[in-house]
Amino acid sequence: MAGFDTASTVTSSLRSTSDSAFGQPAFWIRYFSPCYYTAINSSSSNANAECEQIWSSGGHYLGCVTTPTQSRLSGSSAEGQADAVTFVNAMISVYDDVGPLLLPSNGILYCWLDQEAATSLSLAYWNGWAGYLNGYEFNGAYPFFPGLYCNPNSAPPNCSIVDSASASYCWGVWSSEYQVCKNSVSSPPAWDSESCAVVATKLWQYADQGVCFSNDVDLDLGASGFNTASYCFNVSSNP
Amino acid sequence: MLTGSMGVAALIASRDLFASSRALAATAPPAAPAARHFFVYGIPGPAPGPNSSVQAALPPALQQPAPVAPVQVAAQLAALPVQSPDQATLALATVAQGSAGATLTLTLIDAVSAAARSRGVLPLPGVPADASITVTPVFSADSTVVALVLAITLPSNARTITKVNPLTGGTVALPGATWTSYHALAYFDLSAASFSGPFDLADRPSLALSTAAADSSDLYLWTLKEPAAVRSGKGDPGSAPVPQLTVYPLGSGTARLATAASSEWPTGGEPVVPLAAGGIARLVRGRDVEVYSASTGGLTQVTLGSLAIASAKPGAVSMRARPDGTVLVADPAIGRAVVADPADSFREVSVISFPAPALPIGGPAGKIALSADGGVVYVLGGAGAGGLSAYTVATGALTASYSDGEQYSGVYVLPSGTVLAVRTASPRLAFFGASLAPIGTADTDLNVTAVF
Chain E
1 MAGFDTASTV
11 TSSLRSTSDS
21 AFGQPAFWIR
31 YFSPCYYTAI
41 NSSSSNANAE
51 CEQIWSSGGH
61 YLGCVTTPTQ
71 SRLSGSSAEG
81 QADAVTFVNA
91 MISVYDDVGP
101 LLLPSNGILY
111 CWLDQEAATS
121 LSLAYWNGWA
131 GYLNGYEFNG
141 AYPFFPGLYC
151 NPNSAPPNCS
161 IVDSASASYC
171 WGVWSSEYQV
181 CKNSVSSPPA
191 WDSESCAVVA
201 TKLWQYADQG
211 VCFSNDVDLD
221 LGASGFNTAS
231 YCFNVSSNP
Chain S
1 MLTGSMGVAA
11 LIASRDLFAS
21 SRALAATAPP
31 AAPAARHFFV
41 YGIPGPAPGP
51 NSSVQAALPP
61 ALQQPAPVAP
71 VQVAAQLAAL
81 PVQSPDQATL
91 ALATVAQGSA
101 GATLTLTLID
111 AVSAAARSRG
121 VLPLPGVPAD
131 ASITVTPVFS
141 ADSTVVALVL
151 AITLPSNART
161 ITKVNPLTGG
171 TVALPGATWT
181 SYHALAYFDL
191 SAASFSGPFD
201 LADRPSLALS
211 TAAADSSDLY
221 LWTLKEPAAV
231 RSGKGDPGSA
241 PVPQLTVYPL
251 GSGTARLATA
261 ASSEWPTGGE
271 PVVPLAAGGI
281 ARLVRGRDVE
291 VYSASTGGLT
301 QVTLGSLAIA
311 SAKPGAVSMR
321 ARPDGTVLVA
331 DPAIGRAVVA
341 DPADSFREVS
351 VISFPAPALP
361 IGGPAGKIAL
371 SADGGVVYVL
381 GGAGAGGLSA
391 YTVATGALTA
401 SYSDGEQYSG
411 VYVLPSGTVL
421 AVRTASPRLA
431 FFGASLAPIG
441 TADTDLNVTA
451 VF
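Chains E and S supply the protein sequences, listed in that same order.
For the first sequence, the numbering used here gives the first residue as 1, with consecutive numbering after it.
For the second sequence, the numbering used here gives the first residue as 1, with consecutive numbering after it.
So that you can see chain S by itself, here it is in the shape it has in the complex (with noise of 0.2 angstroms):
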């Protein structure tokens, strides 16, 4: 469900808390006219209800710091929402199905107004109502066009089956059924307000998950052959499928290029991003970085060594380009950070440590966040002290902290430039300025899974 303009949706109350920095308005110039939105993705709870939600609302400053009331823009999304490179859009993804097939609704959130700008509607004949769909927005690194790579999968041999519970001994019914995925594309225009598509890739039996990229040219999609489906058993392990790397020209459901990649598996949970320098860059188990040349598909890998540490607990591990070409990849369950230059062969420049923090994965996916320039990096303080911390990414060294005892979940920074921390429990968002100075604290009722 998508609401037409946030004047329609539901206030969400808010706690004004910002009365410690409205001393600072009298005296601060005005802000600049086209401020942008926030948004707060999530789902309410703790009881049951609704699937995932978003939520928008202009973010306070030092100099301006006005109550914040995250309003609400969509529910029942098919989808995590995707933004745009520019920052300027946000895509949001819903899918209806029904007897006559499925629809799939593309709704393009303008960053300034929190309003629709753009919706497209993408029919997907033949699709059955019991099939399940997901749908993965990638915005092209010029923010003209939205690939969607679809995976319906399609039940068969649906049964009843009943298993034993091992401790009562009794049984229970439940539901079974084969289930079978493929792989569609369709690419969403911008400018034309159309789509192409969908072109049915003719993958079956594969798996649903699928890692995803996009230049300004192409798509770039690791997708892997279902192996219990094509395997021949035990005993045979050159029966395993391989991941496959397949690049279609954006717009297009016909591939340039296909090749065998690592072995990795795709998920679509490996950082991904198309390097200024030429070639995509993937992150796996890591501290690896696979780097697939845009023209040939070849691959070349790189360890970065200050990322090499064993841990018993996963962490949330991210990689985002910087500004000047050069990539900030980082773990936080090992309290680590490293700028490496894909232009030199993934040279290690810099390496920031900080305290590991108490919730290095879960919840926001935040875990650290880059200002605008790439020059400071902000990370969730260490599991004692909690609050947040800045390092300088240049040098490593500690810049600005902030503790009150609190052990945020997620951290942000704000095309304002005001940092967004987030909470597991009301109030859930908490702002800051760049230097970390408190501007004050508001409230949504969604458990926040990822801000943008």
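Okay, chain E solo, but in the shape it has when bound (with noise of 0.2 angstroms):
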């Protein structure tokens, strides 16, 4: 099943274009804090307004990334921590802010940590982040599984960290290569993504804005058993 991603906040206009020129999606991934634009969490306002939206797409769930300041993801556990109980937090809100929201009903929802192409990606760092999120309790449970964006084949340090034997427990890679341009998500193309050696890829970014097309969304898909939608936030009704 394949469905879109957004640094922009998701809006009627770009719901509809985006339905129109690629299909229906069965997820939205939307960024949370820290991030370098427009937080989903930014406002309970602007929650509600972003899951209504991704409700009437009619892939009503909802998956979480965090894009914290690159040159921070060089530097120390401690650093690596602070940005993870803000992306936590950032979570939480959004669960708090919008009635209908639910958590996965597998109690497994993947937490991206964006990492792009010519960023270095510290074992320290990593180790502080996602050892955060892996041993976060909400709600009696620990719902919070930590996996990386990167594009494996790049030449900073990505797959060798989560890779590691040192490494705190990464669920999965999101790959960002290789693009592909099927500009569709009713008829993804066949699996080719870029992977590390040890951590499977779940989700591929197949088709990017500005490399396949202009809309302002990009096109994902999981991998085969990899049910996204089923590894995020459920928008259960409208907001």
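Heads up, a few of these hints could be off.
Claimed, not checked - Partner residues are not named here, just some residues of chain S that face chain E (Cβ under 8 angstroms, in silico):
| id | residue |
| --- | --- |
| 1 | Ala151 |
| 2 | Lys234 |
| 3 | Ala312 |
| 4 | Ser403 |
No wet-lab data here; the hints were simulated from the structure.
Even glycine gets a Cβ: it sits at the ideal position worked out from N, Cα and C.
Now that you have both chains on their own, put them together as the hints suggest.
If you want it as structure tokens, here you go:
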């Protein structure tokens, strides 16, 4: 099942133009604090407005990604943990703000760290970031499952970190390559994602804005056996 | 770990690729005597290794294309280095933790000698060895004081938890704990070479991330109470905490002003600039400038219309002051830079449009650079051609470009005026003259995260 991710706010206009161009998505992945543009958690009204559009889009599932200031990803464990604290609080705030928003019924919410292609990830940062998410208790459970968005074949350290035996558990990679520009979520391409040696690629960004088209979304496909929507928040009714 | 001088640090092999420029050197006048070093921050790789490090080197020039040989200055840093506004000093912070408490060391590196000009040690008694400590150094606008914003995060209820692998059904045992953060301030006076503080701000539970800026008299600090700890749960949006702006006179742990800020969470990543016209500007959402009054904390907000363009991908937005008091705000993801005038309600004075680069975010923080006089802006070349381009700020006109097909990941203007572009593969450093004439390349074993 394929869906969208975007750094833009999910407005009525973005939803309708994206659905028209690519088909109805199975999920939307949005940016939570810390991030560079408007975070979905920037206000209660914004979170509800975006979730209303995600509900209307048909694929009423909300995935979670964060883009900390990229220079921090080369930093210390404490810096990774500090970014993770804000990310977890952003997710919980949206959960609290949007009445019909439910945790995944399987208790597994994938939480992605955005490592852009030229960014270097340190083991210390990853362990601080992923360690916090892995061990965070919420509603009597441990629903946050950290994963890494990256370009596995790029030169700066990425796979070598999360593949390390010393790394806090990474539950999957979301790969930004290869680009195949099949511009549809209803009929996605055959699986052709880059991968790391140890941690499996669970999600593949196969068509990007600027590379394949000008629309304000990227297109993503879950790996075989990984129904991405099942690992996202569920917008269970129209907020 | 900080080396006392460059001489004892490991020498990094450098390729001599300056032969093409040597002919110019034979006829050129000698360089100014007090040339400043530039500093490269990053981590070695690709294998997991030591934490972030800093190396220093003297830049080349068209008239003096000497080989560039970065040497290590420091390693195991606790924070991104910070350069003083006058570019004369680089502040490096390290943290050591033990059973007796923690110790923060601030080392100030002189840009001319690349050696430590001053160092201060701040004990943090009572901070346990398993605490997480982040440090944010902030120079005062006159470069005489370094404020340190500390976030201290303490664990409790340490335990082992298990998670079920969603695909295999197997279980994984992992460490878990409850963490609570608070902030503290300290100040290092450069003339006295001494610390004041630490001052506990007693703001627990707070998010560890904060945003800070300083002018010549005050420290401005944006913080947020930890929502998950203070909210009452679903259906009560009124219990959500509001970000706070607190203003501290430099040297003090007692606020002179505290007020509600905008709803935008402080993440430490929002560009913040003290304005020559007064007040502090904070860029949020990549397009909205918040201006906080220095006297009252009152907030006004302006949207820069030329940057209000949607994008699926984030860009490394930036905001910096120009010598004439205007600010340059840029978003490489949409290929736009705007000069706005704070003295005129942030009216857009000029707009520079350029092809969006292949790497508008990530890697080196510098995606756009400004000449010392503020008259020329350097950007990464477009995703197709790569290279670099230069534009006149006043007119937005393209004045120079260079392309060898290389997709550079960062661009900086060094204090000497030399333009430095960063690659993700060796040789990682490429030098250009102000008109983008190539000077040569050099290497470092660091994956470059920032250049100062």
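Hint check:
1. Among the interface hints, the one on Ala151/S holds; its C-beta lies about 6 angstroms from the nearest C-beta in chain E, closer than the 8 angstroms criterion.
2. Hint status for Lys234/S: holds, given a least beta-carbon distance of 5 angstroms to chain E, under 8 angstroms.
3. Proximity of Ala312/S to chain E holds as hinted, the smallest CB-CB distance being about 4 angstroms (cut-off 8 angstroms).
4. Contact between Ser403/S and chain E, as hinted, is not supported at the beta carbon level, the nearest pair being about 18 angstroms apart and thus beyond 8 angstroms.
Consistency with the previously given hints fails for number 4 only.
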